[in-house]
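Novice: Residue-level listing of the chains:
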Amino acid sequence: MDCMTSTLTAVNTANQVLTAGDLLSLNQLEKTGCNISFNGGTTPIYFKHKGVYLVSVSADILGTVAGNVTLQLLNNLTEVQGAGATVTTAVGDSYHVAFTTVIPSLCCPNSAGAMQGLQLEILENNATVTNVTIAVVKVG
Amino acid sequence: MAISRLAQYFGTCSEQSVTAGDMITFFPAYILANNYNQVNETDPIQIIKAGKYSTNLTLVFVPETDGEVTFSIFRDDTELVSGKSVMTVKAGETYTASTTGFLITDNDVVKLTVKATGMNVQIKSGSLLITGNGA
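Chains as they are written, first to last, in this note's numbering: chain A, 1 to 140; chain B, 1 to 135.
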């Protein structure tokens, strides 16, 4: 097994009715290599080894209230700068959002004994989220 | 090409007011390989090695007026045909523009800038990822 070119794709095509602050639930679709691990649901996607990871996210957001909704990438429960998308939603309207980022990981575990892990969170207002995809590729 | 030899530039956007036609600035948060040059956040990004490059641009923004806004990447002041977003927007609402683009450079130094045209916008956050070969 080639451990240099690890990839993970996780998706969820079902409607997730979420309250602001909720984490998105994902199901593993495909995994290659040994640098990334994921147990499904709202648990983090872990980097198992030091390296540079390319992360791409896309989703559809259905407005359930009028106001801003942000889909935000978290790394160890901390917001990743530049890795989020915000739309002003109207009730019943749907919006597509997407973003790409890179995360250099010093790994694993860090000095506090924690693994670096990615999660997706909805912020600001409630929304229904569907067609979520996250793709993680170790590129360096 | 080994995937571990990709050359990457990753810049992040701080909150900024942008006048139509002016460049959006990116802080060079992470640069892998010597394919890029950017001294200050307010400088254009330079690609200093010939090669094939993809771009991923994400901008969270609030328009100042109703109408059509375009976000595009300029190569030495010429607008690229890819990596462009055109949106009809309403003042005061929040939108996310997300694009993927591609360019081939055949000379050693190419200057890249990202601009909003059509209206003034308030950039809330964003990022620009450039990935290329030739690391």
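Derived from the structure by calculation, the hints contain no laboratory data. Every residue gets a Cβ at the ideal spot worked out from N, C-alpha and C, and that includes glycine. Fair warning: there could be bad hints in the mix.
Computed far set for chain B versus chain A, every beta-carbon distance over 10 Å [stated by the list, open to error]:
1. S17
2. E93
3. K115
4. G118
Residues from chain B shown here face chain A by an in silico Cβ test under 8 Å; the list is partial [what the hints assert, rightly or not]:
5. Q16
6. T19
7. Y30
8. N34
9. Q38
10. T70
11. F74
12. L80
13. S82
14. K84
15. T88
16. F102
17. T105
18. S125
19. G126
Novice: Are any of the numbered hints broken by this structure? If so, which, sorted upward?
Specialist: 2, 5, 6, 8, 9, 10, 11, 12, 13, 14, 15, 16 and 17
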